[in-house]
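Asks: With the hints as your guide, set chains B and C onto chain A.
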Amino acid sequence: MTLIPKSRFLGGAEIAAVLVFVAAFAVPAITKSVLIYSILNQALVGVVAAQSVWIMLRMNLLSFASPAFMAIGGYTVAIAGQYEITDVFAMTAAAFLVPALVAIPLGALVLRLRGTYFVLVTFVLSQIMQLLLFETPGLTGGSNGISGIPPATIFGTELATNRQVVLFACGIALFATIITACLTRFFRQHFAAIEENEILAESLGLVVWRYKALGFVVAAGIAGLAGYSLVTMLLTAHPSSFDSGTAVDFIAYSIIGGRSSILGPIVGTALMVYATNLFGTHGQYAQGLYGVLILVVVLALRGGIVGTVSTLLRKARGA
Amino acid sequence: MEQFLQATIIGVSLGTQYALLALGFTLIFGILGVVNFSHGGFYMLGGYVAYACVAHAGLPYPLAVLVAILATGALGWVFELLLIERLVDDHLATLMLTLGLYLVMSTAMLEIFGPLSMDFRFPVTGALRAGPIYAPLENLVVLGVCLIAILGLWLILFRTDLGRALRALADDRSVAMAQGLRPKILFPAAFALATGLAGLTGALVTPILSLSPGVADPVLATSFLTVILGGLGSLGGAALAAFIVGIVEAYSSVYFGGSIGALVLFVLVLLLLVFRPQGLLGREIRGA
Amino acid sequence: MSELRVEGLAKRFGGLRVFQDISFTLPSGALLGVIGPNGAGKTTLINVISGRQPPSEGRITLDGKDVTGQPAHAISRLGVARSFQQTNTFKSVSVRENIARAVRFGQRGMPAGLEALLQEFGLSARLDEQSDKLPYGLQKMLGLVMAFATGPRVLLLDEPAAGLERAERQHVDRFVAHVRDAGASVLIVEHDMDLIRRLCPRILVLDAGVLLADGPPAEVLARPDVIAAYLGDTEEAA
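Residue numbers (this note's numbering), protein chains in the order written: chain A, 1 to 319; chain B, 1001 to 1288; chain C, 2001 to 2238.
EDC-like cross-link-like pairs, simulated, lysine to aspartate or glutamate; straight-line CA separation at most 20 angstroms:
(1) C:Lys2091 to A:Glu198
(2) C:Lys2091 to A:Glu195
(3) C:Lys2091 to B:Asp1089
A few chain A residues that don't get close to chain B, going by computed Cβ distances all over 10 angstroms:
(4) Leu35
(5) Thr161
(6) Ser310
Since the hints were made in silico from the structure, they are not lab data.
From a predicted model like this one, the values you see are computed outputs, not experimental measurements.
In this text, a Cβ means the ideal position worked out from N, Cα and C, and glycines have one as well.
Isolated chain A, as found in the complex:
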């Protein structure tokens, strides 16, 4: 009897997720609409940040630190730009690694404690980052930020036009998705065990805090990539882009989209960014919509949009 099941490394959802971003590369070829580029770019930045949140949600941990790590990634690139370092491969590595390295000691500190502490501490971290940005004008430009960041370059070519920036954002999002998919797929049983019953998992011998720390470090790197993408889109690194309130947006995208599947943050980001743009100049009301949807998801549609749809599909097939 084969007791232990062998499972495929690649899951359907992960493949679909990667394909979504491969397909996204086609958009600039199909349309020249600046509005679509803008919405798409916002979504491409948002989805990477939402994935950062989603990685921790896989272990039932809610992180508010995404803006802080986004800031580290974004400012790293902005500062490097001041020294004319703009190569996209070097900067992608830097935008991932610098926040990840910062996350290592932080993770070791916080992740041995209760999940509730994790939430509070990550919230405080994003407040600290905001203050740090304001209080270090020599490095970060303080309340002015760093503007006029030179465009990213790939093999010497500048990515300066709207189209090129969108393609760049697609590339970052694709890369981030591959990393996220590999991590969550490879460790899915460990993460799932921690999410469902951490005490049992630990009593069976799982070194729970190490997996949480691994997730935290990778999530920090992913958020750093989102920061790189954001800073490239705006050509400016400014504290207001990394305001701790934006953490709520990314959390909303993940929860509303569905926390059980890698497609969740993608669907959630796409729909919420689109909906926010419908609000037009009243964009601040979008958070009210997020609030209502979060309540609906948590109370009734636990799986979020993707979870609910897949449950309905399963029932339709089974019936």
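Replies: Then chains B and C, alone, in the frame of chain A:
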């Protein structure tokens, strides 16, 4: 010397305000196990309700404050009873619920009152001058009211049956329930008590500082910081930490200016987590 | 070799003293029962020995190695497994996946006799059922099997028979026999006196956090202080 006394008075006043917020937050966490993300929102709501009573309904300020307490308490009661109660054992879910509530609340306030600061003034002006001491009366009044509120809370928690029941639930819910305590009444009561305190603090402090949709976030951050410092779940720790935070904030803003003080405080608290993760007076917190 | 020794163990929560001055040795391959009225601190004792909570005082050694204060995963890796009083499984996944996780996290590979155990308890036929859809008794047995699946040298069982029907309690006997055949020592916390008398050549009595007695059941259960401790307690073998 004057600066020092000045800073001390401000610090103690801030301490009592933070204490009310932190105590309420700790009540909800200790008794229900819920991290209340809408705590800052109730502070903001208290401010807006009091403002609306004064500016639109023409009520005298003390009455407005009372209405604010009742409104925030009632909303807290209803929210707990209808929504939180269904998921009270799922910590992440209840946190998300309070987050959702906060987003709805702040958008509603934004819609009703707009994004700018309200012209909401404290009715008592002037200052007390006694030798080297210069203390704005508004600070003293708020200090006084907050101290009375803290005393009232202490009386409720330690001298009434309701309070004993609440503390028993916080200590060990299963044992308390086996002894017949009914969470159905007690949980909403605990939540309402906490949100009422947040609303009271908002109604008192926003006329002195400012009233806009943005005031909720720093209040939440300070509440979090205070309960981490004091030890999550410890009432005594929350109160003690609140005074420490208030006083440090007051001294650093008087002597250093800017937000260096807040930054140093945040970083110190994070470091504290390394060496003493249970905070000042908290209990064990290792593991799940 | 897997001698578990506990010396001067105490646990306090705030002002509440759960137990103190607990000392005993569980020799390699032995079977020890722990009884006591409700609230005597028995589950907390297992929590502390298994590393879920740190002791307030005292030492725990495994084969002479001091493991006091180590976290649950470390204690588990050293070969001490525990079961839970309430059913405790990964509810949303299948029986098969539950066992797979136990083996995977235990990192010692599938222990000999695992498949036989699954067969014996009727779990082999239900490998692909979702674990929380199983009847209560089977979920309880699954929890026991999962603890065994980590390949332990010492098993701490927290009221394995609690909630089981009379007919199902013999499964616990069979489980303990299997486990001992595999060479592990067992500590059982129980309320079911019949089971304790049947299985355990030696028992500890815990009352209000104090170790009252340590010896063979016939002797221990005849002691007046042990009898008195139980007079106030309404829960006895069903």
